[in-house]
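Start from the sequences, fold in the hints, and give me the full structure.
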Amino acid sequence: MLTLTVSLYHYLILSAVLFGIGLFGVLSKKNAISVLICIELMLNAININLVAFNKYMTPGDFVGQLFAIFVITVAAAEVGVGLAIIIAIYRNKLSVNLDDFDWLKW
Amino acid sequence: MELLNSISWVAVSFHTLAAVVVISALLVVFSRNIVHSVFWLAACFISLAGVFMTLNADFVAMVQVMVYAGAVCIMVVFAIMLIRRRDMGDTNLFNGQTVAAAGVVALVIMLSGFLSFKSGVVVPPGPVPVNQVDSIATAMLTKYVIPFEVAALLLLVALIGAIFLAKEVKADADSDS
Amino acid sequence: MVEFALHNAWLVPLLPALAFVIIIFLTKPWPALSGLVSVGGMLTSCFFASLAAYGVFTNHKYAEEPLVYATRWFSAGDLKIDVGIQLDPTSAMMIFMVTLVSSLIFIYATGYMKGDPGYSVFFSYLALFGSSMLLLVLSSNLLQMFVAWELVGLCSYLLIGFYTHKISAREAAKKAFVTCRVADFGLLLGILSLQIVFGTLNLTELAEKINNFDQYTTMGMMTLMAVLVFIGPIGKSGQFPLHVWLPDAMEGPTPVSALIHAATMVVAGVYLVGRMMFLFHEVPSAMELVAITGAFTALFAASIAITQREIKRILAYSTVSQLGYMMLALGVGSLTASMFHLWTHAFFKALMFLGAGSVLHALHDKADVWKMGGLIKKMPITGYTFMIGCLAIAGIPPFAGFWSKDEILLAAFDNGNYVLFTMAAITAFMTAFYMWRLFFLAFMGEEKAENHPHESPWNMTLPLVVLAFFATVGGLVGTPWAPVWGEWIFFGHPHHVEPNYLIMVGSVVLGMAGIYLAYTLYLADKEKARAHALAKQYRFLHNLSFNKFYIDEIYLWFNHSIVDGAARLFYLFDIYVVDGILINGIAAFTRLSGEGLRVAQTGRLQNYALVFFLGVLALAVVLAFTDPATAFGLMTGGAK
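Protein chains in written order, with our numbering: chain A, 143 to 248; chain B, 1431 to 1607; chain C, 10 to 649.
No wet-lab data here; the hints were simulated from the structure.
Certain hints may be false.
Stated by the list, open to error - Quick look at which bits of chain B chain A covers, simulated, 3 or more residues with Cβ under 8 Å: (1) 1460-1469; (2) 1488-1502; (3) 1580-1586.
Cβ atoms here follow ideal geometry from the backbone N, Cα and C, with glycine treated the same way.
Right, here's the structure in full:
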């Protein structure tokens, strides 16, 4: 029969899959904004981990949740700055296609 | 009825939400239209808030909805709007290293999954205190007050930085391109 | 006062050194003052040296036991080097002679160099030169002696090349320096091997240890060391085959020539061999080498001097020849005779060089003796003092050269090597001949209308007179009837010679014969027809002699063919192997591998991120599947 249970592992696997999807996007999308979005996905995967560990390992204190909140804060800041950079680049290059940006050599 | 009782509602909601998270995340990546991607991103964030609820993390879930689903998604949409394109179709394509990236990602997922099982820590969920927000607030303003303040500072710096970066540049101070 | 001088002999080299420092740092802008400082320093030094010499020569214990004041210079492990002064009759005689002759030359130079733009600098060099020489003479330690030896070499370089605007002077300076360097290398090797074998460089200790060298080393090693040490004097004292620099050194101002050829520099080599007599004495083959080198050089240089035309060049070859004499005396084991000749030679050779300088001064640097004549009428002091010098070098009694030359001939004769004796005797004849040839051509005969000679000022003639005095009576300290010299300066046992009248008369006859031959050829014969005829008849020999046996040309040829050839070989090696393979090869490899690896640098962020994650994966695998300690070792490359 189908036993539908939930444990720490389930959360970890979910986290791993979400992180993988995000990483895939980061590595393979052309659009800079899309890459930024995928980074958010990866950060969220981390948050799942943090909160899940908080519940299963140290339910009494809220360190995991606290860190998740901090991650969210940092992510918000990062999105703000990241988008600003993208806009600045777009203004110069009239493109957000990462394939056009190959300055990172020599 | 027995069957119904034996079903843990938490488990059911987790699996459902997890499926939604994964599917919407996949759609974020695979949409060809960047605007659709952002919509799926919002869906993903909201269902992630649900996942947090199943972990008894109500406060985090709330923050998740407010910050991610609200602020971040809106900001991204604004950015897309600023980078004007007449046609939003085919705005979110793959680059040349998709296959290699897929390989690496598969390896990452496999390794993390394997390591999760290998660690072998089986812990039953403990009792969760009722008054979460109080506890978090106390921790944040006592033990973790310095990270808290640093985070505040970070936000301020990011705000100023973003304004500075995105500001309209004068013609004569333009970059050399 | 005498005691003070005796125990503070270090003042003797220090005072001229002080003069050098004062001139360089203080009085350089005022030439007259610089000259005064230099002369004053040397005269004071001469005063102390005389007192010290007086102290040594009135107390016979110093003949057996040298007075040594030394202090530790530095030590490194077993290597202990002292620095100090050693005062014994030999060095006392040397400091007296060097300071006296130097003082006179300095005084002379104040007149000779008048109006020269480098007047101050010249006197500072002179002072340093004198100081170095005195340090060399007084050294109690071989390394210290070597330092002074090199200082003397440096100063000679500076002084020979003093007229820097003359190319020939620069070339001569370089030649002197390089030639001496070649020789000094041998000396340095010799000193090093002495230190290695005997563990000390102090002359007194070395003498004791070498006395029974069987405990330390073999005969072969001793021979090697003696020969290596002898290479230094070959260069410094202008012995064949490294004599080539000495005649060229005439490019310097005349006081320098006098200083180099009479009192200092060149006799340093003879002095060193004399100082190291305890080493050579143990090695008969090295002694033979010294004797043969000396005798051959004496004859060889004399045969060149016969045909030279430039006044200073004749004197230079004469110096080489006389140095050969001294070496010969050392080689046959007579330190007494060698030092005696060094002493007398210093006076009459300085006299003749200063006389030559006076002539050049009067004739505005016209150096060819054939273009002079009758100078003695216009320059009586120079002329007559020069004649005394010529009499002395020709070995006419009672002038100084007679006694010392006689002593050398006697020593060679007593040694039983009649070949060397014959060579020395022939040299004596030739010496008289070429010196009087010079004298007759330059000072006697008809005056040349185009010359307007004039006598030199007092500060140039005064030294001439004083030197002429010493050249006359300087030999009386060592006559066979009253051999005072031999009781003080000797090696082994006090030296007493029986007067050998046969040799005495023979050498006088040889000298007279030389003078007479010169007279008939160059003075009696107004047209010099016979001289020219002889030169034509023996054209080959004449050319050989006039061109200095083509030694310079042989060296040049050697340089051009062999050294340049080797250099060309090394050049090719450098271009193709060092530059081609080692330098450009490595560069090309680096560039090519860089070109190859550059492809990996796509400049795309995502590409880098991909590789970055692969690395993260690898690290994670390592961390996950290995023991933490092993993983740590793997990551840090084994570092703890």
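Comparing the hints with the structure gives:
1. With a cut-off of 8 Å between beta carbons, the stretch 1460-1469 of chain B has 3 residues touching chain A; three or more are needed, and the interface restraint holds.
2. Only when three residues or more bring their CB closer than 8 Å to a CB of chain A does the claim for the stretch 1488-1502 of chain B stand; here the count is 8, and the claim holds.
3. With 3 residues having a Cβ less than 8 Å from any Cβ of chain A, the stretch 1580-1586 of chain B passes the three-residue criterion, so the hint holds.
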